[in-house]
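Trainee: Generate the whole structure from the sequences, applying the supplied hints.
In order, the protein sequence lines correspond to chains A and B.
First residue of the first sequence? That's 1 in the numbering used here, and the numbers climb one at a time after it.
First residue of the second sequence? That's 1 in the numbering used here, and the numbers climb one at a time after it.
In case anyone wonders, no lab produced these hints; they're calculated from the structure.
A few of these clues could be false.
Claimed, not checked - Okay, derived cross-link-like pairs now, DSS-like style, lysine-lysine, Cα gap no bigger than 27 Å in a straight line: (1) A:Lys286 / A:Lys236; (2) A:Lys286 / A:Lys255; (3) A:Lys320 / A:Lys236; (4) B:Lys236 / B:Lys46; (5) B:Lys294 / B:Lys279; (6) A:Lys236 / A:Lys255; (7) A:Lys137 / B:Lys137; (8) A:Lys23 / B:Lys137; (9) B:Lys23 / A:Lys137.
To be verified - Heads up, incomplete: computed chain A residues facing chain B, CB under 7 Å, no partners named: (10) Val90; (11) Arg110; (12) Phe118; (13) Trp125; (14) Ile143; (15) Glu150; (16) Ile151.
As the list claims (entries may be wrong) - To give an idea of the chain A side of the interface with chain B (calculated C-beta under 8 Å), a few residues: (17) Gln114; (18) Asp117; (19) Ser124; (20) Ser140; (21) Glu141.
Beta carbons: idealized from backbone N, C-alpha and C, even for Gly.
2 protein chains.
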Amino acid sequence: MTSVTSLFAPVDADLVVLVENLKNLVSARHPVLYAAAEHLFQAGGKRVRPAIVLLLSRALLGQQEPTSRHRRLAEITEMIHTASLLHDDVVDSSDVRRGVPTVHSLFGNRIAIQAGDFLFAQASWYLANLDNLEVVKLLSEVIKDFAEGEIQQGLNCFDTHQSLETYLEKSYYKTASLMANSAKATGVLSNASPQLNQELYCYGRCVGLAFQIVDDILDFTGSEDDLGKPAGSDLKSGNLTAPVLFAMEETPYLKVLLERQLKEPGDLEEALMLIHNSKGIERSRKLAEQYAQKAREHLAEVPPSESLQALVDVTDYTLKRLH
Amino acid sequence: MTSVTSLFAPVDADLVVLVENLKNLVSARHPVLYAAAEHLFQAGGKRVRPAIVLLLSRALLGQQEPTSRHRRLAEITEMIHTASLLHDDVVDSSDVRRGVPTVHSLFGNRIAIQAGDFLFAQASWYLANLDNLEVVKLLSEVIKDFAEGEIQQGLNCFDTHQSLETYLEKSYYKTASLMANSAKATGVLSNASPQLNQELYCYGRCVGLAFQIVDDILDFTGSEDDLGKPAGSDLKSGNLTAPVLFAMEETPYLKVLLERQLKEPGDLEEALMLIHNSKGIERSRKLAEQYAQKAREHLAEVPPSESLQALVDVTDYTLKRLH
Numbered sequence: 001m002t003s004v005t006s007l008f009a010p011v012d013a014d015l016v017v018l019v020e021n022l023k024n025l026v027s028a029r030h031p032v033l034y035a036a037a038e039h040l041f042q043a044g045g046k047r048v049r050p051a052i053v054l055l056l057s058r059a060l061l062g063q064q065e066p067t068s069r070h071r072r073l074a075e076i077t078e079m080i081h082t083a084s085l086l087h088d089d090v091v092d093s094s095d096v097r098r099g100v101p102t103v104h105s106l107f108g109n110r111i112a113i114q115a116g117d118f119l120f121a122q123a124s125w126y127l128a129n130l131d132n133l134e135v136v137k138l139l140s141e142v143i144k145d146f147a148e149g150e151i152q153q154g155l156n157c158f159d160t161h162q163s164l165e166t167y168l169e170k171s172y173y174k175t176a177s178l179m180a181n182s183a184k185a186t187g188v189l190s191n192a193s194p195q196l197n198q199e200l201y202c203y204g205r206c207v208g209l210a211f212q213i214v215d216d217i218l219d220f221t222g223s224e225d226d227l228g229k230p231a232g233s234d235l236k237s238g239n240l241t242a243p244v245l246f247a248m249e250e251t252p253y254l255k256v257l258l259e260r261q262l263k264e265p266g267d268l269e270e271a272l273m274l275i276h277n278s279k280g281i282e283r284s285r286k287l288a289e290q291y292a293q294k295a296r297e298h299l300a301e302v303p304p305s306e307s308l309q310a311l312v313d314v315t316d317y318t319l320k321r322l323h
Numbered sequence: 001m002t003s004v005t006s007l008f009a010p011v012d013a014d015l016v017v018l019v020e021n022l023k024n025l026v027s028a029r030h031p032v033l034y035a036a037a038e039h040l041f042q043a044g045g046k047r048v049r050p051a052i053v054l055l056l057s058r059a060l061l062g063q064q065e066p067t068s069r070h071r072r073l074a075e076i077t078e079m080i081h082t083a084s085l086l087h088d089d090v091v092d093s094s095d096v097r098r099g100v101p102t103v104h105s106l107f108g109n110r111i112a113i114q115a116g117d118f119l120f121a122q123a124s125w126y127l128a129n130l131d132n133l134e135v136v137k138l139l140s141e142v143i144k145d146f147a148e149g150e151i152q153q154g155l156n157c158f159d160t161h162q163s164l165e166t167y168l169e170k171s172y173y174k175t176a177s178l179m180a181n182s183a184k185a186t187g188v189l190s191n192a193s194p195q196l197n198q199e200l201y202c203y204g205r206c207v208g209l210a211f212q213i214v215d216d217i218l219d220f221t222g223s224e225d226d227l228g229k230p231a232g233s234d235l236k237s238g239n240l241t242a243p244v245l246f247a248m249e250e251t252p253y254l255k256v257l258l259e260r261q262l263k264e265p266g267d268l269e270e271a272l273m274l275i276h277n278s279k280g281i282e283r284s285r286k287l288a289e290q291y292a293q294k295a296r297e298h299l300a301e302v303p304p305s306e307s308l309q310a311l312v313d314v315t316d317y318t319l320k321r322l323h
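Mentor: The following block contains the structure:
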């Protein structure tokens, strides 16, 4: 299995600089956030979002090095992503993420909210100072989509009537919007054509959706060690993902369990068994595969390079996480 | 005493539309935020920030009506302000604001954080779509300053060594930055000269500082009914404001009480008495008066109108709140 590190080889050095910059940014002026920042940017994040921006930058710029604005855009994606995780963990009262305690469980709500607000605010300011109105608009769309996704997830809690479309929309807001809009913004900063920018947007959208579907499958098939949280966490909290939606089609009794919010003893275990015995996981895997395939097709117009190959490999890697 | 309503007479109708727009924005698509929004935009807010933007718009545009972009800017100021209050109330665990229970105490942390994130996100998106990079930069500065102020207030808690400069800087971040940068942004949207825009920035900064100093005095002299929270709340939570900083210069024993964080029985009452018996409140009032006076001077280049007069009167009104 490809490790993420070797996958991002063309931008490994870029990512080291990025993490250092982010740590300095948060900790330099705010001792109170120092520990939180160390914790955040150290905690085994895969840096998929900035890696995609940096790989695309190198793929589009050819022999040229990414400019400071390309690097800044990559930093902005990681800041927005991290800020949203910080607030999500407070909203969901999550104690563990990526196998380590969350900022809110270690340092309290106060620091988690402030650190999130600080990262969002700093990201907005960096963004404005990229001096490109189109890029500002693309990324402000992402911030809006995050807030929308956060609220929708709350609204759809244990809603057994939601469609696959609703699920995909929510996944776009939560995950794919950032990848889609930052991929397009990379094109804009590289003076790519409007047509190519649209292809890059679609690449990011499809990778993001594949990524989210795979994450949602792993919530059922992964071990607690791999996930960094107990398996079935999404289901338990009422977040009905692709495997559940497909399983409900075959197994109406699953609906009954979910409609009573898994409140009777043994409900969670029974629901998990019904999902495992259904075609829900297999159908979800196929859906993720379709998005990964589409993602690759949207790279057709990008000139060949080591970085392009890595962008193609990201789509394979996403699915390989399932083996 | 001038009521705020008659003070803002030239833009009363504009403010009614603004509040309706904000309520619709938050509640239309999100039933879960509906109650929070009703509560928020109904709760006796003075709308000082959007009123200043709208008055300045009318003062600068002469016979012309404010454009939809001027109105949108006014909405953005109220959204950013409200979002910051929502998160402040969670961070400070405040149960009451403006005499009514806070969103976080009524609806829980989850809704308060989400509503704040939603308003910040929506404000960023509106901002980007004003299609003016200079305005985006000015307001992104405000969002950054808010986060900075929120963190600084935590850091300086019960810090008896802080200077008046530190206090004014914190007050700029918390209050004056929004008024200063949105006043300047109004100039930019009205095609005012760079010199006039700078004057408008200074007007907003001085009004904001006067406003914050007066608020900080009222925390000592106001009744619980006027304040909508118990008097001495800032002091109790370790937020050392102008009256305290001045009082410490005359009364070294006050420092002793504050350094032990008012933890012995009777400390809070004794500290309040020492502040009332000092010249701290009077000196703070004079400082606010100086800023109000400076604010008026920065309006010298704005052509006379009913709206200009209201902008002058705002500075008087700020001080009249003390009588």
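Trainee: So, for every hint listed, does it hold in this structure?
Mentor: Hints and how they fare:
1. A:Lys286 / A:Lys236: It holds: about 24 Å lies between the C-alpha atoms, which stays within 27 Å.
2. A:Lys286 / A:Lys255: holds, 23 Å
3. A:Lys320 / A:Lys236: It holds: about 26 Å lies between the C-alpha atoms, which stays within 27 Å.
4. B:Lys236 / B:Lys46: holds, 25 Å
5. B:Lys294 / B:Lys279: Given that 27 Å is the threshold and the Cα spacing comes to 23 Å, the pair holds.
6. A:Lys236 / A:Lys255: Roughly 14 Å separates the two Cα atoms, so the pair holds.
7. A:Lys137 / B:Lys137: holds, 13 Å
8. A:Lys23 / B:Lys137: holds, 24 Å
9. B:Lys23 / A:Lys137: The hint holds at about 24 Å.
10. Val90: holds, 6 Å
11. Arg110: Cβ of A:Arg110 sits 5 Å from chain B, so the hint holds.
12. Phe118: holds, 4 Å
13. Trp125: holds, 4 Å
14. Ile143: holds, 5 Å
15. Glu150: holds, 6 Å
16. Ile151: OK, holds: A:Ile151 within 7 Å of chain B, min 6 Å.
17. Gln114: This interface hint holds because 6 Å falls under the 8 Å limit.
18. Asp117: At about 5 Å, which falls below the 8 Å cut-off, the nearest Cβ of chain B leaves the hint on A:Asp117 intact, so it holds.
19. Ser124: Because about 5 Å separates A:Ser124 from the closest Cβ in chain B, which is inside the 8 Å limit, the hint holds.
20. Ser140: Because about 4 Å separates A:Ser140 from the closest Cβ in chain B, which is inside the 8 Å limit, the hint holds.
21. Glu141: Interface hint status for A:Glu141: holds (7 Å vs cutoff 8 Å).
Comparing the model with each numbered hint stated earlier shows that all of them hold.
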